[in-house]
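2 protein chains.
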Amino acid sequence: MGLDLIQRLHQPADTKIVLLVIDGLGGLPRGQGNTTELETARTPNLDDLAKHSICGLHQPVSLSVTPGSGPGHLALFGYDPIDYDVGRGVLAALGIGFDLQAGDVAARGNFCTVDDEGRVSDRRAGRIATPVNRKLCNTLKRIDIEGVRFFVETLKEYRFLLVLRGSGLRPEIANSDPQATGALPSSPQALVPKAKKTANLVRRFMDAARKRLKGQDPANMILLRGYSQLPQWPGMKTLFGLRAAAVASYPMYRGVGALVGMEVLESGSALPSQLQTAKKRWNDFDFFYVHVKPTDSAGEDGNFDRKVSLIEQVDGHLPQLLELQPDVLIITGDHSTPSVLNAHSWHPVPALMHAAHCRPDTVERFGERACLAGGLGPRFPATDLIPLALANAGRLMTYGA
Amino acid sequence: MGLDLIQRLHQPADTKIVLLVIDGLGGLPRGQGNTTELETARTPNLDDLAKHSICGLHQPVSLSVTPGSGPGHLALFGYDPIDYDVGRGVLAALGIGFDLQAGDVAARGNFCTVDDEGRVSDRRAGRIATPVNRKLCNTLKRIDIEGVRFFVETLKEYRFLLVLRGSGLRPEIANSDPQATGALPSSPQALVPKAKKTANLVRRFMDAARKRLKGQDPANMILLRGYSQLPQWPGMKTLFGLRAAAVASYPMYRGVGALVGMEVLESGSALPSQLQTAKKRWNDFDFFYVHVKPTDSAGEDGNFDRKVSLIEQVDGHLPQLLELQPDVLIITGDHSTPSVLNAHSWHPVPALMHAAHCRPDTVERFGERACLAGGLGPRFPATDLIPLALANAGRLMTYGA
Numbered sequence: 001m002g003l004d005l006i007q008r009l010h011q012p013a014d015t016k017i018v019l020l021v022i023d024g025l026g027g028l029p030r031g032q033g034n035t036t037e038l039e040t041a042r043t044p045n046l047d048d049l050a051k052h053s054i055c056g057l058h059q060p061v062s063l064s065v066t067p068g069s070g071p072g073h074l075a076l077f078g079y080d081p082i083d084y085d086v087g088r089g090v091l092a093a094l095g096i097g098f099d100l101q102a103g104d105v106a107a108r109g110n111f112c113t114v115d116d117e118g119r120v121s122d123r124r125a126g127r128i129a130t131p132v133n134r135k136l137c138n139t140l141k142r143i144d145i146e147g148v149r150f151f152v153e154t155l156k157e158y159r160f161l162l163v164l165r166g167s168g169l170r171p172e173i174a175n176s177d178p179q180a181t182g183a184l185p186s187s188p189q190a191l192v193p194k195a196k197k198t199a200n201l202v203r204r205f206m207d208a209a210r211k212r213l214k215g216q217d218p219a220n221m222i223l224l225r226g227y228s229q230l231p232q233w234p235g236m237k238t239l240f241g242l243r244a245a246a247v248a249s250y251p252m253y254r255g256v257g258a259l260v261g262m263e264v265l266e267s268g269s270a271l272p273s274q275l276q277t278a279k280k281r282w283n284d285f286d287f288f289y290v291h292v293k294p295t296d297s298a299g300e301d302g303n304f305d306r307k308v309s310l311i312e313q314v315d316g317h318l319p320q321l322l323e324l325q326p327d328v329l330i331i332t333g334d335h336s337t338p339s340v341l342n343a344h345s346w347h348p349v350p351a352l353m354h355a356a357h358c359r360p361d362t363v364e365r366f367g368e369r370a371c372l373a374g375g376l377g378p379r380f381p382a383t384d385l386i387p388l389a390l391a392n393a394g395r396l397m398t399y400g401a
Numbered sequence: 001m002g003l004d005l006i007q008r009l010h011q012p013a014d015t016k017i018v019l020l021v022i023d024g025l026g027g028l029p030r031g032q033g034n035t036t037e038l039e040t041a042r043t044p045n046l047d048d049l050a051k052h053s054i055c056g057l058h059q060p061v062s063l064s065v066t067p068g069s070g071p072g073h074l075a076l077f078g079y080d081p082i083d084y085d086v087g088r089g090v091l092a093a094l095g096i097g098f099d100l101q102a103g104d105v106a107a108r109g110n111f112c113t114v115d116d117e118g119r120v121s122d123r124r125a126g127r128i129a130t131p132v133n134r135k136l137c138n139t140l141k142r143i144d145i146e147g148v149r150f151f152v153e154t155l156k157e158y159r160f161l162l163v164l165r166g167s168g169l170r171p172e173i174a175n176s177d178p179q180a181t182g183a184l185p186s187s188p189q190a191l192v193p194k195a196k197k198t199a200n201l202v203r204r205f206m207d208a209a210r211k212r213l214k215g216q217d218p219a220n221m222i223l224l225r226g227y228s229q230l231p232q233w234p235g236m237k238t239l240f241g242l243r244a245a246a247v248a249s250y251p252m253y254r255g256v257g258a259l260v261g262m263e264v265l266e267s268g269s270a271l272p273s274q275l276q277t278a279k280k281r282w283n284d285f286d287f288f289y290v291h292v293k294p295t296d297s298a299g300e301d302g303n304f305d306r307k308v309s310l311i312e313q314v315d316g317h318l319p320q321l322l323e324l325q326p327d328v329l330i331i332t333g334d335h336s337t338p339s340v341l342n343a344h345s346w347h348p349v350p351a352l353m354h355a356a357h358c359r360p361d362t363v364e365r366f367g368e369r370a371c372l373a374g375g376l377g378p379r380f381p382a383t384d385l386i387p388l389a390l391a392n393a394g395r396l397m398t399y400g401a
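Residue numbers (our numbering), protein chains in the order written: chain A, 1 to 401; chain B, 1 to 401.
Just chain A, with the same shape it has in the complex:
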């Protein structure tokens, strides 16, 4: 649905909306079991809420596409993640809390292995350990090229972040990653004439990196891709009329919140402390995004039982959230992270919306299968949530007369 219409219709109101994101909430049954993590968890508070809410399962991108954390969250914030495409470089910078500035060009780097002829023999340098990556990044940090400043930061294993800071930099540069072994790293080509200067700087950086990494084993070269700049998007205030706050402790989520114009609040990282923060700042904002990370980590670690137990912990803190009496409360995840897959997945995500005038459906508990029968449908676009919250918060005018 077009945001244009919502932008035309939103109106002020003295109402509060809370979006609680339980990261990686959706799951799958394990082994012989028949219930997912959420269905296995004892969640009396969530179930009671589901009974008095409208429920369903949302798709962050589409039925088949597994979202990264960036796209998953953008969809929840009402921004279609295909239209609002964040480059890999920028996402990497957000993920480690790098202070990316307007005009910077960020790229995702791989340490790789090349043979004597310079051909890529391993695109991931044997998945080197993070401490080795740190050492190599320190080597690259010493590269000095006139007219630009380079930042080189460790991400994880073979992955690093490269940021160029200077004037007139452009991100339209072809990936140097040949995406296959046995090929030479492609030279960084400018995709538009304006990007020639930047491409030239990157080429010089790669040449210097080749010299400095020569003889290293196994990581003796770098590949770069996902050149991107901080996008300049309309914020949630413009699109939805919401003064929005993010209560999230991990850099990625703080970063994505900032991208859509949220004020990022300082808070302890546990849910009770996050809710305290929201309470303290209750009068300053219309919209609070509260992010719970550990459920996703448990899923990525393949730890079914821990994910179950973490969901139960969130359930235990719900009364504290309900005490705030938000006019609209959304509880969902940004994507599924089934522990049997040890990874994000494409499966739709359970969601509930609680408000005075949500029409009741027949859902009696909060779980993947139960939500199939909900009023929001078994696979609705995640981007519908914020507009529907606005409606329930009395923040949307009638269309036409």
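Keep in mind that the hints are not guaranteed to be accurate.
Facing chain A, according to a computed beta carbon distance under 10 Å, are these residues of chain B, among others [to be verified]: (1) Ala13; (2) Thr15; (3) Gly377; (4) Phe380; (5) Thr398.
By construction, these hints were calculated from the structure, which means they are not laboratory data. Ideal placement from N, C-alpha and C gives every residue a C-beta, glycine not left out.
On the provided structure of chain A, position chain B as indicated by the hints.
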């Protein structure tokens, strides 16, 4: 959802996908009855599979539009049949297995009746019988015009196929069928300057046809429409990374498979023999499309009981299909063909997808009403099936990070 994104995200994997199309699968209850053909059929294997699958009902085109066989199949193959529009002439050529070549222009012809002034008095010449059509086609085959080769082939009743073969032919020609009686057949006009030569050739053909058919009763003239050329589309290998094979015996289905880049395999026409063929070529392809025709024919004949019995036969062969152990199995139809309508219809089509990581829903048997509660939803776009199969087959990367 855009295929652009899927094309960006697909990755290789050593997995197999099977799409079993039971043509015209969806149905309606008859007379006093309360169950459709599929609901009436005893299908223990399909029901057992449905219990362990994700189910739903798909729309090939939209909730209201009845698809022909071409559009119905294109949707199942992941190609939006509105964007990927095949002309009537090409579909007619595919339907009879005519060896249409790149550059040929194909058109759908009607034998019609015109009065002494040349005005159309019956657009279908009293629906002449197919043998009469053959005789008339033999007459038209003798038309010889310099610089082009004409092929005239019987389709059915009053319908025939006209193909022009030569250099520089274009399909942008206005229909000569006035779509009403009492009007003169329109002269074939070029819709773009480049098509003038072709329009002129068609005009000469029509003039010759008028002379040769003069005095015939009731078919004394022809009408032509649906001028089209073989489309040049990206194949399933390009869009989805799939080496695809078609195991179908009817020309139309072989033709539509070839349009999307499938290798069309030779096989017996019964399902067990088709599954044998798939087994023999198992290592050569990632994707197998297996087509079962008789269910649709029974529906078109209005034979409810025969359709029931044919569905039961397919059910009986399922164990042979499951022995192949595809990583992803889709079972559905290309459209509904309710026997009470004797025709294709607009009704959504039951579908199931079976794979290790399909999230279970609450569907306990394979039927129109049961599938309404499925995780795929009661009316999902048929074009979602291939992308979802790719996800389940480990063939799609994460979007964003």
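*Output the numbers, in ascending order, of every earlier hint that fails for this structure.*
1 and 2
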